[in-house]
Amino acid sequence: MRQGILVRYGEVGLKGQLRGHFEKALQKEILRATGVDPRAVRRTSGRIWIWPEEGKIPEVLRAVTRVFGVVSASPVLEVEAEWEAILQGALRVAQRVRARGARTFKVEARRSGKSFPMTSPEIAREAGGVLARELHWPVDIHAPEATVTIEVREKAYVFSEVVPGPGGLPQGTGGKGMLLLSGGIDSPVAGWLAARRGLFPIPVYFHTPPFTTVWSWEKVKDIVEVLAGWMGPLPLYTVPFTAISQGIFAKGPERLGTILMRRFMVRVAGKLAEREGAGALITGENLGQVASQTLESMAAVEEASPLMILRPLLTWDKAEITAKAREIGTYPISIRPYLDCCNVFLPRHPVTRPSLEEVLRAEAQLPVADWVEEALQQVERKEIAPPLG
Amino acid sequence: MIYLDNAATTRPHPDVVAAMEKTLTVAFGNPSSAHGLGMEAYRLVEEARKRIALTLGVERQELIFTSGGTEANNLALLGTAQNAPPKRRRILTLAIEHDSVLQPLAHLERHGFAVEMIPLHPDGRFRPEGLRALLTPDVFLVSMGLVNNEVGTWQDVETAGQILQEVEPKPLFHIDAIQAWGKVSLRPAFRYGDLVSLSGHKIHGPKGVGVLWKRPGVVLTPLLFGGGQEAGLRSGTENVPGILGLGKAAELLTEVESRDEDLLARKMILWEETQKHLGDRAAVNGPSPEEGAPHILNISVAGMGGSVLVEALSQKGVLLSTGSACSTRHMQSGRVHRALGLPPERGASALRLSLSRDTAVEDLKEAARILGETVRELGPIMRRRR
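As you go down the protein sequences, you meet chains R and Y in turn.
Position 163 of the first sequence, counted from 1, bears residue number 163 in our numbering, the numbering being contiguous throughout.
Position 4 of the second sequence, counted from 1, bears residue number 4 in our numbering, the numbering being contiguous throughout.
Looking at chain Y on its own, in the form it has when it is part of the complex (with noise of 0.2 Å):
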């Protein structure tokens, strides 16, 4: 199996596993429980906390765990805009971001707010001159990914946080940088951001469990009520083992400087291999292969199906997506496709290919072989097709 299906989900560190274990054998306690067992348990989750808050460079209070990236990206963008003036009700965002990011604003749209798209280039970049247009006082919140979890842009969040500076009172900003985290550094990010989302499944811990971090002062009201943990933020017992394997994906992380550029020369090398296999039939979406995040390559096969590829490819063991894999089983891929401008047809043809730092270079040469060889078998139908 040669698994490139990485920005869906990454393959859980066997350490991150062992820590998980032990808190479902042996630390089972709950973490508010008065007694010992509940005492170790809290601790645990506190010196995950700590080592997460280490590796992020922010203070370990300014963390809230949660169930995952949807629920970070929720908690930011419905719990401030419950605090926001009545006056202050214009939103600002991206039309390649996550659904778990446009669903909770399309819901504040229904709720009185306007939501506003940001200009893009057509890699998916943000307009600095569209972000100004659009900024006067009246914008409460801008939401921006990172990394966008499609096409793999890297957006600039130092220039836009300091576009952001530049109007009085400046908005609210929140990043979701849950494709960015180990890819690229995420400095730009805790020092213009005033929230940003983590989740733990991207970076090879375990699924359930997300962070946001609040740049203290921001003001938000909880989603879910309940015994008040996470300062009352989070209501709900700890996911102790979620937290746990967590803190050590987080720890097993390398420091990245600006961006992982080992990763981006294995995408480099499958991008050319790609190449070499399918020649001009491949062409790229969203931003050129060395200037996006290292590990999203997205391509188009002129004339073949997304759909059908990948399910040819999973049949010979190469794990892809078509877009993103939340809504490639239901056909809605090419929603990202149409908002960088790029005709229909690509979108539908797509293919998302993500590496992580487990990736092999022979298999990204073995993979692109393996493209090329389904692409020549299936083509003479998909070409009649046309």
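Excised from the complex, chain R in its bound form (with noise of 0.2 Å):
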């Protein structure tokens, strides 16, 4: 008899030609979240099973529930495929559950093969009538509290708590992008979005001293390490914006400060992707939540850009995005009150639709190639590794 931990994957199973390029990458990804030696994960018909070390299930069990890809995971128990054996394996998982709490119970069975006497249903009529009088527990077929679950095959399974993962895909099965992070709740939840849909997110914080302290910068990088205990560790990449914000207010008109700022964003992010190999820029843009948010300003910025722009928020409600923050645990660092750059540069009439021939023509004015190449010229890359346990 061993302990393990079963995980199932949905999506990454139904991709065609490409699954087993998938599995590979999803095999990977827990291998890294998890830390377990490469021989104690076995894939086998769609899905993943952990043989961990003796104690360390909890963990395991935490991490790779974390992991983009994972639908959900069990704790599961492993016995020789002979009833007796079924029966303890069954009892012992049954226990642990109903200690929990839960106040009714049935059991499901699955054979694969035939080489064990006893049908499915039988597995399951005959394990549920033990389990019932041995723990005075009462089974409900139709709405049970739990399920313990038996799968016979060369061995036998029994578990019964699933726990949810993030589901989505694989880290990196879609490429990069660069987030434009900048410290509130929407940009990390952009980045975790699109990370669960693959694609592997690379901060890119515009940092403005003085008029953002070191300590807006310090939440940016708790907010990454946050992200990194998602994907794993990430690079974080940090552009001084401060000569950049204070060009542009000198020289462009202030209305469409917001704006021309956006547009060196973009094109230093774009820079940047170069050097990453990344195929897009995500943002946590979300139409209409500031005047910098319509169509027209975003189309505006977009002409910019020499990537697509990723909007993974774009038609999310306030109310959802936080609710999100909160589950993926950037919430409370988002919320910790230091002054954004854009407070300070924000234009205090900002333009809302804004036509690209204006801001184009404000922005001939300007040295862009030479700000865009200082910038980059003091680009520091540091990369922010997950939190300790």
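These are computed hints drawn from the structure, not numbers from a lab.
Among the hints, erroneous ones may be present.
[What the hints assert, rightly or not] Here are the computed distance ranges between Cβ atoms for each label pair:
id : chain 1 : residue 1 : chain 2 : residue 2 : range
1  : Y       : Gly317    : R       : Gln377    : 39 to 45 Å
2  : Y       : Asn30     : R       : Arg336    : 35 to 41 Å
3  : R       : Lys318    : Y       : Gln82     : 44 to 50 Å
4  : R       : Glu303    : Y       : Gln315    : 33 to 39 Å
5  : R       : Pro253    : Y       : Met268    : 42 to 48 Å
6  : Y       : His107    : R       : Gly288    : 41 to 47 Å
[As the list claims (entries may be wrong)] Computed list of chain R residues with no C-beta within reach of chain Y, every gap over 12 Å:
id : residue
7  : Arg39
8  : Glu53
9  : Arg92
10 : Lys324
Even glycine gets a Cβ: it sits at the ideal position worked out from N, Cα and C.
Got two chains here, each in a separate frame; can you build the complex from them with the hints?
The following block contains the structure:
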């Protein structure tokens, strides 16, 4: 008898000829996230089995249910495919679930191959009877509070608890994208959503000292650390943006300030994308939330971007974004009250429906290439590790 | 680096560090242990207590070591209020007090006490007639800081103490002297106060240690129960390194007659230099520089966000705060400025420059020059924001 973890993945299995590629990526991610010995991980019949060292089950379970592509995972007991052993295993699993407060249960059984002498319905019925009797536990076939599952193959497997994972696709199977990270609530969620579709986000932070303080930068690092807890070490790019902001402020029309700044940001991020081999930019933009997030403003910014801009949150409501940020764990960091650069350089009367022509005319007065080049020369790239534990 | 944030914390003196190191390497015993190593730790703690009592002019059995100023204030306020008779549940304090006073009082307010604010002059000094008007026999406790931590107001606790004697029964008088220690004389605090809070790290001692002085006869209920250390008033194994560091720091303080005039002279230089570089763009918040505490200068630079200036100056190696160090990171500064009746923009643009006896005159001149230069650099942008 031994204890392990059964990992289910959904979409990954459906991808036809790409399936092998995705499954390999998922397995690699599971190894990274759990740190278990590669020999302890097996892939069979559309599922992954992990057999960690004794005592490591809770921690591996926690880690594996944060891996993108994992639909759910269960702690599982492996026993010999013999009736007595199966019953003993089922009792052990059932006792644990019962102690957690499940008032009713049922047993589900699956048999693959015919070597075991009982049919699936027989196994379920007989085992259910034994558990009900031994544990004085009422059976409820239709709406049980716990389900004890028995699978009989070469060996037999018993499990009950099912811990949901994030779903989606394994990290990196969708390429890379530069994530424009501000420290607010939205952009970390956008990065997480992109990552869940297999798109590896590389965060870029535009730092505007002294108008943003070292504490704002620290906050961004803390957010990236939380994201790294989901996707492994992340490189954080910090772009000094004070000179550009001040330049725009001094030379550009104030009402176009935000749009011009954002055009510079996407240009710099586009250049960094070349270095990283990233194929898109990712932002936390959300339609209509602020003046710079109208269709016209977004179009005026996108025009300057060498890459397409992905906006995973475009149509979300604020309450949905906030709920997701809490789930991911970035929310409490995002709401720390430090000044955003945008606050200081925010125009008093920003234009909401800019014409591209007007924007281009204003920008023609600025030494665009020089400023981008200067910013790129001072860029800092720092690897942020996941939080311990 | 020019460090002008001494009201937040001070650099521990090398002798303090040496005294502490001894208890972390050699004399590491638990003062409650029966053996010789424990005995040695006990002796060191009691010697430090004696030395601190001596410098303060009080008896050593009247001192209770705590984990710092916050605990000293909490113990003084919560520990006495628990014993307030049901009909004496009013407490008076000042709206400019530190959060380690106002928050325990807010807690008491949620438990049936009435907490009222004594009216203030625009410089933060309490109004004697305002105190008199609030003072009735149902006032159990009055809490006042000897020196305010943000704007440096120096309270006349002698007058306050005399006014408190006009009412029978006399309320207990708690004096938060954390920012005052070593800067102004504490004698009036010990003469008129019943409880006085002090902290180690504001006087070049270590963090994590403070003292509450309690007049004999004042009934105090502990906040922490356990092994009965500190005469049962503060259980927990003694912070031997902290207490020794504090003892050494106290010993290194020089006697202050009324106010450290040498320090004040340096603060005046800082203010004059600041005016030289900023002209009338700089305005003082709180008491006029020559009247307040000798180590705190709180100014506002018109049209300049305080936090932006702090960041810009930090990049240039000049370290200071906007308000109280505990609140500025969270942009809650401005409470004290509001309480003084200053407009919100004065609070938002406030800078607190705080000196210590280590601060060199050349550094003050240089800091003022850098401040002026920074304001000129950032001025165009910040002005347009208004």
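Problem set entry | Interface exclusion of Glu53/R relative to chain Y, criterion Cβ beyond 12 Å | holds, 38 Å
Problem set entry | Interface exclusion of Arg92/R relative to chain Y, criterion Cβ beyond 12 Å | holds, 42 Å
Exercise. Within 33 to 39 Å or not, the Cβ separation of Glu303/R and Gln315/Y?
Worked result: holds, 35 Å
For this session: Report holds if the minimum CB distance from Arg39/R to chain Y is greater than 12 Å, and violated otherwise.
Result: holds, 46 Å
For this session: With respect to the beta-carbon atoms only, verify the hint that Gly317/Y and Gln377/R lie 39 to 45 Å apart.
Result: This hint is violated: roughly 24 Å between Cβ atoms.
Exercise. CB of His107/Y to CB of Gly288/R, is that within 41 to 47 Å?
Worked result: Between His107/Y and Gly288/R, where Cβ atoms are some 43 Å apart, the hint holds.
For this session: State, for the Cβ atoms of Pro253/R and Met268/Y, whether the hinted interval 42 to 48 Å holds or is violated.
Result: Given about 46 Å between the Cβ atoms, the range holds.
Problem set entry | Supplied distance hint 44 to 50 Å, evaluated on CB atoms of Lys318/R and Gln82/Y | Once the Cβ atoms are compared, 45 Å apart, the range 44 to 50 Å for Gln82/Y and Lys318/R holds.
For this session: Check the following: the C-beta atoms of Asn30/Y and Arg336/R are separated by a distance inside 35 to 41 Å.
Result: Since the Cβ atoms of Asn30/Y and Arg336/R sit about 40 Å apart, the hinted range of 35 to 41 Å holds.
For this session: Please settle this one: Lys324/R was flagged as non-interface, so is its CB more than 12 Å from every CB on chain Y?
Result: holds, 25 Å
Hint check: a violation occurs at hint 1 only; the rest are consistent with the structure.
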